[in-house]
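Student: Given next are the chains, with one letter for each unit.
4 protein chains.
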Amino acid sequence: MKAAAGDKDGSVPKTMKAWVLDGPGELRLVDKPLPEPGPAEVLVRVDAVAICGTDVEILTKGLPAWIEGGLPFHKNYTPGHEYMGTVAKLGASVDEFKMGERVAVEVHAGCGRCERCRMGMYTSCLNYGLNYGDKNKGHRANGFTTDGGFAEYAVNHVNTLVHVPDGMSDEEATLIVTAGTAMYGLDVLGGLIAGDGLAVTGPGPIGLMSVAVGKALGAQPVILTGTRDSRLNLGVRLGADHVINIRKENPVEAVRRLTGGKGVHYVMECSGAETALNEAMDMVNRGGRICLAAFPGERVPVDLAKLARNNIYLFGIRGEGNSAVHRAAALMAQKRFDAKLMHTHTFPLEELPTAFRYFRERIEDAIKVVVKVSR
Amino acid sequence: MKAAAGDKDGSVPKTMKAWVLDGPGELRLVDKPLPEPGPAEVLVRVDAVAICGTDVEILTKGLPAWIEGGLPFHKNYTPGHEYMGTVAKLGASVDEFKMGERVAVEVHAGCGRCERCRMGMYTSCLNYGLNYGDKNKGHRANGFTTDGGFAEYAVNHVNTLVHVPDGMSDEEATLIVTAGTAMYGLDVLGGLIAGDGLAVTGPGPIGLMSVAVGKALGAQPVILTGTRDSRLNLGVRLGADHVINIRKENPVEAVRRLTGGKGVHYVMECSGAETALNEAMDMVNRGGRICLAAFPGERVPVDLAKLARNNIYLFGIRGEGNSAVHRAAALMAQKRFDAKLMHTHTFPLEELPTAFRYFRERIEDAIKVVVKVSR
Amino acid sequence: MKAAAGDKDGSVPKTMKAWVLDGPGELRLVDKPLPEPGPAEVLVRVDAVAICGTDVEILTKGLPAWIEGGLPFHKNYTPGHEYMGTVAKLGASVDEFKMGERVAVEVHAGCGRCERCRMGMYTSCLNYGLNYGDKNKGHRANGFTTDGGFAEYAVNHVNTLVHVPDGMSDEEATLIVTAGTAMYGLDVLGGLIAGDGLAVTGPGPIGLMSVAVGKALGAQPVILTGTRDSRLNLGVRLGADHVINIRKENPVEAVRRLTGGKGVHYVMECSGAETALNEAMDMVNRGGRICLAAFPGERVPVDLAKLARNNIYLFGIRGEGNSAVHRAAALMAQKRFDAKLMHTHTFPLEELPTAFRYFRERIEDAIKVVVKVSR
Amino acid sequence: MKAAAGDKDGSVPKTMKAWVLDGPGELRLVDKPLPEPGPAEVLVRVDAVAICGTDVEILTKGLPAWIEGGLPFHKNYTPGHEYMGTVAKLGASVDEFKMGERVAVEVHAGCGRCERCRMGMYTSCLNYGLNYGDKNKGHRANGFTTDGGFAEYAVNHVNTLVHVPDGMSDEEATLIVTAGTAMYGLDVLGGLIAGDGLAVTGPGPIGLMSVAVGKALGAQPVILTGTRDSRLNLGVRLGADHVINIRKENPVEAVRRLTGGKGVHYVMECSGAETALNEAMDMVNRGGRICLAAFPGERVPVDLAKLARNNIYLFGIRGEGNSAVHRAAALMAQKRFDAKLMHTHTFPLEELPTAFRYFRERIEDAIKVVVKVSR
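Protein chains in written order, with the working numbering: chain U, 6 to 380; chain C, 6 to 380; chain B, 6 to 380; chain A, 6 to 380.
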């Protein structure tokens, strides 16, 4: 049985256990003071948190903001951004959520005052990372530029919270943000619509979720490409009409064949492979659209003539956005797909390093590895 | 010569002169303490403020929020929302504006956390008016739900400020927000584009600005309808290709004739006349769009069958929105139209009641009456 | 067993049975020569055709085009626009469809050369009805401005045909165009998205289909209003989360209650009731959207102030449009809802007058009455 | 004085002079029979035709369709796609244009029946090039897949014609299609709006037109980059606020400096340089948009991580599209910019090879070289 998330009088402990990252690979479990929610913020008692590929990058290389900005590693920073939990304390003016309600998170709260935020593009906030000191513009990227969820408690802006549907397990709820990222990709593509063809390249968590969400929205056919049959089979269970093992078959030829030579309307690129964009341009029809949810680390050769000649539109995303996480939560509440299939392993918070190892080394075919905060 | 807006050490007076409205018609000039800008807010030393038709309604009937919400009149509330001035003090985290810069305002700062604000539709904020007490969601409608500009100083959220272009007079700068409303109307219509026909019905300030902005964006033809030749002639100077005095000519027939029987693509309805919407539906072509920037006080008969059969889209706006005020300021900085033509009278702040009388009774053909704060 | 739709050598009979309308109420079954498909056209052997409310209006009052245009009734005109059948002959250049394939229709083929068609808004074609004589611009509204489907054969432009999914009955396939109209309504509303609230007012065929399609797209909640419990119960089976019998409960209050006071994001108005638009404006939240798929015959009082103050967008549609019929067919192929539930009665072609009577008088609670062409 | 374009009785000569291309470099002036306009087509008496960079590619390498499709060179094919002239004969059903009216052309007429055409994306027609034989889907790309304007007469679908404004010279009218391409690029970018920053990279004809059109639409600032001061100076006269000679200054640093470190909202890439896209991604702000109107011949290294991390949207275009040519014609009719500045040389039709040489070798700083058909 769980401990109370916060009594009616708002009592919560003064300290909490939290993992902190001091430098590449330097992950420590410490006791930290509980953070205090400000106006429009909520203190969330973390119940479960999933590991994302980006967490591995942060653990091994440091935060993108540190690297891009040349900043030294923070001391005492807590990563983790795919978490869910229970409302434990309300900041001033919050009535969107109630004490004791279960919530899942999205990553980005924009500053609300730059040009992009004013357009609703808060994941492209021009004040990214500015949430401290004299220049506190209020931007937050949970687990990236602020403390995240590998801890017993975390503070969240109300804009980064969605209600967890009744009857959904903690583990499944950690996947809402992943589904939201897939949904956002399909959204920025101009609105995937029922009957349009969708190819998803790369069966990682976002790719698998793109299959599930695309199918739920009526895409037809939904084609998934990848290298491992176990992942592709999971794609079928999540809604793929066709899967292509690119070790056995040329994916461009296969997509062309499966669509009667026409190609698909949309490609969600989730592999990060060097050749993926050029292949995607051969998979879409003229006027088609491609979303990059993954990307190679280095510059890669791209056939820009094909992009221009075929009126192809290319979109890049940095995670979820708009109301995509809310929409994804709605689809999951309606049980349009079985996200739980992606959850493979669970560890207690204390065993986070082991959890990371399972995820990184894909031990026992690990996909989504969840850390539960036992109490 | 003007007094300093605020010394480098930020010194401003402790009190200011301000008009306050205690009830319908009960306008008093008082001394008030200077308001203090909070985080993301700026204290503006008001230099000039124009009178809008809505101000007259507020003065005589009270605020819409009071009427709709059944609230009693505030005591000590200061109206006025078409103002400009000089940055006199910066709240925490503000670096978007500098001390001493000239700024003009827009009316609405959304809460930034409701569904509409998150989409960028902050003038449709679902927390409209909630900027006080326990439920302070941060929504502000300057001069409507918060103190406005008929005073020496006013506090503004940075989202409601734009830079005043160099070389633009204070009087002209008070018109930026009106141009922004016209721009927003043309925007929500789906993007007026060069070469499309535009009819503007009603040559009040928003109608005249719609002519100017529509022409600047390349609309062709731009047709203005009204009852007074002096206003219509002004419309010509602001860019109308054709004007129609509806006392002399049937406006629907005239629009049809001027467009070779085809009708226009867009109608901006700025008259509030009872028959205006039905006439607008006869002016637009099939698939055309109509924006209501004005409306009758009572329910009026509307031919909905025509709307459905002709695939007409109808949009209502509540003032400016999106980045429309910024866009309008850019066009005015580029001198695409001569907004100054609409400014007819100036009075000192002390003579606000006289200024209201000129505006309301259209004395000497008054259009935009501006109150200057002399120092 | 059905006769061949057309032998491989394209042989079809020289004449066919067809109902023709000479004037209001003057419906006759005659023998007509078979029409010949031109370039980009297909001859369809009609297998089944459903009766629509508009057919009743045409039968009793004449075609809108006749009434609006003041034209006399055509002699020999064949109504009927919700039909499906089998490809019996291909016009020049057609390879989009093959002999013997089953197809369902949509109503409108635009001229392809006016401004609206060039934008993709072919149901708003500016050359509506011009498909004869010197001014043959190629516009076709099947069963409205050209001969329709109450006959053994009908000619269709390829743009008005969709493939019927395998395993779908003829009767169900006649409902694709109705689902397409519902889909188009949800589309022009700006894209209904998963998790948004939808109220559908009026449980006629388009209203019921709007429930089904809205639910399939992830709307939440889907609320249906009406006067007859049998229809409302059918709405539940098609996906409504809540139904409101407006004889027993105020629909505005009910929608507000069911949405926690927030209202819905979208209203599809399918009742044509005089008060429906004003009620819809009280059902949607600020910035919400309303689509009129039905409308009262006379002008009705509308509260335009509410529309403007609440930034409400109002859209009118004239049937299906864009790719909505294709999308609807895709959802039905994927069995996202059970359209068959709406089909209540079947009659042979010869008994069309009886079929009309069942539909019009709602005998045995008739909803969709289908006429089958027996061979 | 010009000869009649066609007498009132429609008399035109039986033959005409026309340049034909038999193979790479094999350009001959021949006598050809006059083509006959079909339904929805117009015979245009060509008065002037400009040379485009693509013409040079066709002349030297052959048509893209030949190369991509592996087809042999047509014999007797007439290139040329930037022409204007006078209506000399009307095909069946044409009343959009009258005999003797002056018209300019756009390149693409879509088939009107594929998915993209039905969406209004006719330049992405899925039946590109299919305008002959059994598969005549009606697609036309004037001067590419059908005979073009290096001739005395040419046939055009009405969808590819716009009226030439009164008082505009023949030479200037040949530039409408170029302005239309620039306009389309700014359109697909999501609608350049007043006040947004625009960088145009590459001062060729489309780049210069992008400067002119962007400025006319209110972009601020408009920045042009290039290598030759003469072209950059011309850019200033067409509306550039700033020009950057990339031989003297790093263009990315310059754009950043000129925008106060913020970058621009849009980049129109018109240089085709290998590094252009990567530089463009450093010029736009987060969430910004880039349009490729030019492209390198070979695959080039692209930093896709930057594209994804910064939510950049990348669009490719194949020329004009939507109503962009109509919009451009409207702006030119309103004299919003002086397109004539780009016209540098004129030759008679007989001297087409010399005209090509001037254009290709940039003799006397040639920009737009026009061939006039003298009579």
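Heads up, some of the hints might be wrong.
It does not matter which identical chain is used: a pair holds within one copy or between any two.
In silico DSSO-like links for lysine-lysine, alpha-carbon gap of 27 Å or less [as the list claims (entries may be wrong)]:
#1 Lys140 - Lys103
#2 Lys253 - Lys267
#3 Lys311 - Lys66
#4 Lys253 - Lys37
#5 Lys80 - Lys267
#6 Lys340 - Lys267
#7 Lys253 - Lys80
#8 Lys140 - Lys267
#9 Lys311 - Lys19
#10 Lys340 - Lys19
#11 Lys22 - Lys253
#12 Lys377 - Lys22
None of these hints come from the bench; they were simulated from the model.
Computed from a predicted model, the values in this text were never measured in an experiment.
Student: For every hint, state whether the structure bears it out.
Tutor: Quick rundown of the hints versus the structure:
Taking the closest pair of Cα atoms, Lys140 and Lys103 come within 27 Å of each other only across two copies (14 Å); inside a single copy the shortest separation is 31 Å, beyond that limit. Proximity of Lys253 and Lys267 under a CA criterion of 27 Å is satisfied intra-copy only: 22 Å inside one chain copy versus 47 Å between copies. Taking identical chains as interchangeable, the C-alpha atoms of Lys311 and Lys66 lie at most 27 Å apart only when they sit on different chains, with a minimum of 17 Å there against 35 Å within one chain. For a Cα distance limit of 27 Å, the shortest separation of Lys253 from Lys37 qualifies neither inside one copy, at 51 Å, nor across copies, at 54 Å.
In the homo-oligomer, the alpha carbons of Lys80 and Lys267 never lie at most 27 Å apart, since the shortest distance is 53 Å inside one protomer and 30 Å across protomers. For the identical chains of this complex, Lys340 and Lys267 are inter-copy neighbours only, at 24 Å across copies versus 32 Å inside a copy, given an alpha-carbon limit of 27 Å. For the identical chains of this complex, Lys253 and Lys80 are neighbours neither inside a copy (47 Å) nor across copies (44 Å), given an alpha-carbon limit of 27 Å. In the homo-oligomer, the alpha carbons of Lys140 and Lys267 lie at most 27 Å apart only across protomers (16 Å), although the nearest pairing inside one protomer, at 52 Å, exceeds that limit.
In the homo-oligomer, the alpha carbons of Lys311 and Lys19 never lie at most 27 Å apart, since the shortest distance is 59 Å inside one protomer and 41 Å across protomers. Within a single copy, Lys340 and Lys19 get their C-alpha atoms no closer than 38 Å, and across copies no closer than 54 Å, so neither meets the 27 Å cut-off. In this assembly of identical chains, the alpha carbons of Lys22 and Lys253 never lie at most 27 Å apart, being 48 Å within a copy and 56 Å across copies at closest. In the homo-oligomer, the alpha carbons of Lys377 and Lys22 lie at most 27 Å apart inside one protomer (13 Å), although the nearest pairing across protomers, at 60 Å, exceeds that limit.
The structure fails to meet hints 4, 5, 7, 9, 10 and 11 from the earlier list, while all remaining hints are met.
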